[in-house]
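Trainee: Here is what each chain is made of, one letter per residue.
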Amino acid sequence: MRRIEGKAIIELRVNGEARTVAVRPSDLLLDVLRNQLGLTGAKPGCKNGDCGACTVLMDGWPVKSCLVLAVEAEGHELLTVEGLEGKSPVQAAFVGHGAFQCGYCTPGFVMVCHAMLTHHPGAEELVMEEWLQSNLCRCTSYSEIRDAVRAVANAGKRE
Amino acid sequence: MIGKVIRIKTSIADAIPRIEAWEKATGEAKYCGDLATPDELIARVLVSPHAHARIRSIDVRAAAAMPGVKAILTGEDFPILSGVLIEDRPPLAKERVRYAGEAVAVVVAADEAQADLALQAIRVDYAPLPFALTPSQALAAGAPILHEGLGEYKLAVEDVYPQPGTNIVSQYNMRKGDTAAAFSQCEVVMEQRYFLPPSDHLAMEVRTARASITGDGEVAVTTCSQAPHVVQEQIATCFDVPTGKVRVTVPYVGGSFGGKAPVTLELLAYMATKKVGGRPVRVVLPREQDMASAPCRLGLEAHIKLGASKNGVLKAAEITYHLDCGAYADIAPYMTMAMAANGTGPYNIENLACDAVSVYTNHTYATSFRGFGHESYLFCVERAMDALAKTCGMDPWEIRFRNAIRPGCLSPSQIECTASNLGDLPECLNKLKALSHWEEGRRIRVDGRTVRAKGIACLWKAVNPPSDAISGAVLTFNADGSVNVNTGVIEMGSGDKTRLAQMLADKLRMDIGMVHVAMSVDTRANPKHWKTVASLSEYLNGVALMRAAEDALSQIRSIAAQALHCAPEEVEIDDAKAHKRSNPKEFFHFKELVHGYKAPDGTSVGDPVLGRGGFMLKGLSPLEPGTGRGKLAPAWTVGAQVVEIEMDIFDYTYRILRAGTVMDIGAPINLKATTEMINGGVSMGLSLASREAFAYDAAGVTRTPNLRTYKLLHIGQEPEYRVDFVFTPQEDAPFGLRSFTEHGILGIPAALGNALSAALDREINSLPITAEALWKAAGGNV
Chain A
1 MRRIEGKAII ELRVNGEART VAVRPSDLLL DVLRNQLGLT GAKPGCKNGD
51 CGACTVLMDG WPVKSCLVLA VEAEGHELLT VEGLEGKSPV QAAFVGHGAF
101 QCGYCTPGFV MVCHAMLTHH PGAEELVMEE WLQSNLCRCT SYSEIRDAVR
151 AVANAGKRE
Chain B
160 MIGKVIRIKT SIADAIPRIE AWEKATGEAK YCGDLATPDE LIARVLVSPH
210 AHARIRSIDV RAAAAMPGVK AILTGEDFPI LSGVLIEDRP PLAKERVRYA
260 GEAVAVVVAA DEAQADLALQ AIRVDYAPLP FALTPSQALA AGAPILHEGL
310 GEYKLAVEDV YPQPGTNIVS QYNMRKGDTA AAFSQCEVVM EQRYFLPPSD
360 HLAMEVRTAR ASITGDGEVA VTTCSQAPHV VQEQIATCFD VPTGKVRVTV
410 PYVGGSFGGK APVTLELLAY MATKKVGGRP VRVVLPREQD MASAPCRLGL
460 EAHIKLGASK NGVLKAAEIT YHLDCGAYAD IAPYMTMAMA ANGTGPYNIE
510 NLACDAVSVY TNHTYATSFR GFGHESYLFC VERAMDALAK TCGMDPWEIR
560 FRNAIRPGCL SPSQIECTAS NLGDLPECLN KLKALSHWEE GRRIRVDGRT
610 VRAKGIACLW KAVNPPSDAI SGAVLTFNAD GSVNVNTGVI EMGSGDKTRL
660 AQMLADKLRM DIGMVHVAMS VDTRANPKHW KTVASLSEYL NGVALMRAAE
710 DALSQIRSIA AQALHCAPEE VEIDDAKAHK RSNPKEFFHF KELVHGYKAP
760 DGTSVGDPVL GRGGFMLKGL SPLEPGTGRG KLAPAWTVGA QVVEIEMDIF
810 DYTYRILRAG TVMDIGAPIN LKATTEMING GVSMGLSLAS REAFAYDAAG
860 VTRTPNLRTY KLLHIGQEPE YRVDFVFTPQ EDAPFGLRSF TEHGILGIPA
910 ALGNALSAAL DREINSLPIT AEALWKAAGG NV
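Heads up: the protein sequence lines correspond to chains A and B, in order.
Reminder that position 52 of the first sequence reads as 52 in the working numbering, one-by-one numbering, no gaps.
One rule links them: number in the working numbering = place in the second sequence (from 1) + 159.
If you are wondering where the hints come from, they were derived from the structure by calculation, not from laboratory data.
Cβ coordinates follow ideal geometry from the N, Cα and C atoms, glycine included.
Each hint should be verified, as a subset may be incorrect.
[Claimed, not checked] Dumping the calculated DSS-like pairs for lysine-lysine here, alpha-carbon to alpha-carbon at most 27 Å:
1. Lys-433/B with Lys-313/B
2. Lys-666/B with Lys-87/A
3. Lys-666/B with Lys-592/B
4. Lys-870/B with Lys-935/B
5. Lys-687/B with Lys-666/B
6. Lys-87/A with Lys-189/B
[To be verified] Per label pair, the in silico range of CB-to-CB distance:
7. Val-316/B with Glu-5/A: 40 to 50 Å
8. Gln-133/A with Arg-215/B: 30 to 40 Å
9. Ser-26/A with Ala-930/B: 34 to 44 Å
10. Asn-742/B with Glu-17/A: 57 to 67 Å
11. Glu-254/B with Gly-38/A: 42 to 52 Å
12. Thr-118/A with Asn-742/B: 51 to 61 Å
13. Ser-26/A with Trp-934/B: 40 to 50 Å
14. Glu-350/B with Asn-154/A: 47 to 57 Å
[Said to hold, decoys possible] Pulled from the structure, derived: some chain B residues nowhere near chain A, Cβ distances all over 10 Å:
15. Asp-284
16. Leu-288
17. Ser-579
Full structure from sequences and hints, please.
Mentor: What follows is the structure, given as structure tokens:
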């Protein structure tokens, strides 16, 4: 195990690129992504792991970046909403189904949905409910998010 | 020019997505907290741990000496009072704290970690004082008085009536007809009490604000406000800066629901930057402070007495609303006024005595919340209507239909209702009956431990903006003929900017892709819009925008007439083109006209097209003291809602199966987006009514200031949603539209309460309605 005191230079793999950052051991991945790399897609909503607005993928699995230390992310592949480059079918489905209003929770929801549909391309309703309970949305009725995800999952079932 | 006629234009009816949809789906949309710069300092806030206390002393010496600390502010630094109605609130507490969570000191440091450490080193010596946590406690004899100086506070408006020596912030009394005489003739009288605790807006974006001051005194503020022009004016007023020297910028706002309408952190950000010589300072709140310190939703104690004939025709009502407005007035007096002026719900009651009182308590102060109080009093009124129906032995739908307010009736503030200013509530009820399959029965036993039940509720809402509220719009054009829209309307999720753009596209007869909207608002660039609140923007800004469009069109027609060698009246506009009425094939595209026209021989014709439109509300009057007669609002929106639940009669848990809404929205503008907005409101109403409340401990400190303990509805708990519409045009509004963006929430707490009361056969008159609350209502005790 590495021992870090003060600030240390670490390398993070983010959206397929190697990025060097100087971090304290206590620095959150969320803050480092936002403040040092300018990747502001992941949002702080509670910094307590309750809302999911800061969700990013680590080796393809969703994590709340407010519950991950930047130093813990070393050696893992990170994917943020910026890394999707607008190409995830989830994003088009969110646009088409009105799955957001203010848009603040959207990057987090998009990342969870994207990961879920990667692991479960034809996800059934219960799988969706289990996966998406990690995130909160205050604007929509959730049915729009469900419709968006279902549309992508149904396309996945046909393949 | 001769060419082929191609039809590409957007109508108001089209189901277009939000104009900013892709920016949000890709995470590119920037919110206030995304706009950090390396030069900015971070300010954190120290808050009171006491509901009510005298501040004996604050020792900041140790904190000030800590690494990275640039400045520490306390109430002594800027001894000012702020408030849009009553100037009663110090941005930082001075000598006294009046709620747990009140800002006491601010640390400005190089980064958040250093600011946090320094906060912990500040020593505040408090002498706790007795406190009052409900309106009843605060109105009781011997209650601690929160504001001894109430009589000396400056009133920023004329229609607030504080009562010095008490905790009464303001009071509005409605008197119509003769209630005493009417009650004496009533065959049926129903009387109940209701209690609603305070709760939170819980926008996903935590509030933040940033300010800096340049060498020549220019103040720049970036914030997540619904009211940038109010921020500008409040900073000017509080700190004696010329208004024009204050520039407020608002990017995308991550949800607000009324909670970002008051001016709060912006004052702290200004004070902080002033203290460090104008360097940019950002005030950062953790979620816990956003909940406990920043303003929340009001609490309410209500008493309703209804009198009716035995066949359920309402004759008289006596209503008392005591609003828990918390420690400071903010906008609570105006919510109180709205509750007084509409507090019967949408029913025709000819004899009315309604007293609405806003009361100071030692809770976090309240501000506007989705519904502006209507979501709260409607819970009480609509529960009362069900109780009255039960007393009369009538069907809850029938009693509502029979008493529904109709054109020709007088509102509580004695405004004559018309189809235009009211809409069609009976038709909403008819459609709700079909949509909810009401005739199936209200309460159905499913099996040995499950019952299904339905509850309905009517809704109405009228806003009470200041009678001089204004809005404006400026249109400029690009070389491709597309239009740029500049308004002061904020995009915070309510989708106003999309629907306004759609209305403009329809009016200019062009494709929505040719309408470019400045999404962020800058008080220096965009015309003043009162505030993006009250679901009023599509009316208030819509009128201005349509005037700007008319202005631009008349300029385009004039230029086109010269280019086409005809009279302006012979020019028709369609598909972003101006053509001769006699020959549609002879036309000019907007791109050839909007910067003036250059004829083939080089002659220049006309000038650049600049559309401008402004609008100030007209014809409103304050409530007359004593009777409450007056016109507060341009119009109402009416509707009816239903909630269907399935309850386990052994453990009192329940599932919300279906939630339906029928609303008279005036005009069919983008019904897909409208449905989404309404269902968002329904969802918020279900969350509010089924689980949300600030739970206070015995010392008056909230025990639920975070999302782990303050639960919101999550996916998997949402019901099946149904929506239908009625379209009764509001004649003075663009396309006949009516306000609707908040309204999905309005009748939902009541409909849920009515469904659960029916399921349990008990009167459930408090929120939130948890399984535990149902168990207690059924007689359970520990």
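Trainee: Please go over all the hints and tell whether each is borne out by the structure.
Mentor: Verification of the supplied hints:
1. Lys-433/B with Lys-313/B: Holds: Lys-433/B and Lys-313/B sit about 25 Å apart, inside 27 Å.
2. Lys-666/B with Lys-87/A: violated, 34 Å
3. Lys-666/B with Lys-592/B: Judged against 27 Å, a Cα distance of about 36 Å means the pair is violated.
4. Lys-870/B with Lys-935/B: holds, 20 Å
5. Lys-687/B with Lys-666/B: Cα-Cα ~22 Å, so holds.
6. Lys-87/A with Lys-189/B: With Cα atoms ~20 Å apart, Lys-87/A and Lys-189/B stay inside 27 Å; holds.
7. Val-316/B with Glu-5/A: 40 to 50 Å: violated, 58 Å
8. Gln-133/A with Arg-215/B: 30 to 40 Å: violated, 47 Å
9. Ser-26/A with Ala-930/B: 34 to 44 Å: holds, 40 Å
10. Asn-742/B with Glu-17/A: 57 to 67 Å: Since the Cβ atoms of Asn-742/B and Glu-17/A sit about 59 Å apart, the hinted range of 57 to 67 Å holds.
11. Glu-254/B with Gly-38/A: 42 to 52 Å: holds, 44 Å
12. Thr-118/A with Asn-742/B: 51 to 61 Å: holds, 58 Å
13. Ser-26/A with Trp-934/B: 40 to 50 Å: holds, 44 Å
14. Glu-350/B with Asn-154/A: 47 to 57 Å: holds, 54 Å
15. Asp-284: Asp-284/B clear of chain A: closest Cβ-Cβ about 30 Å, beyond 10 Å.
16. Leu-288: holds, 32 Å
17. Ser-579: holds, 29 Å
The structure fails hints 2, 3, 7 and 8 (numbered hints given earlier, in ascending order).
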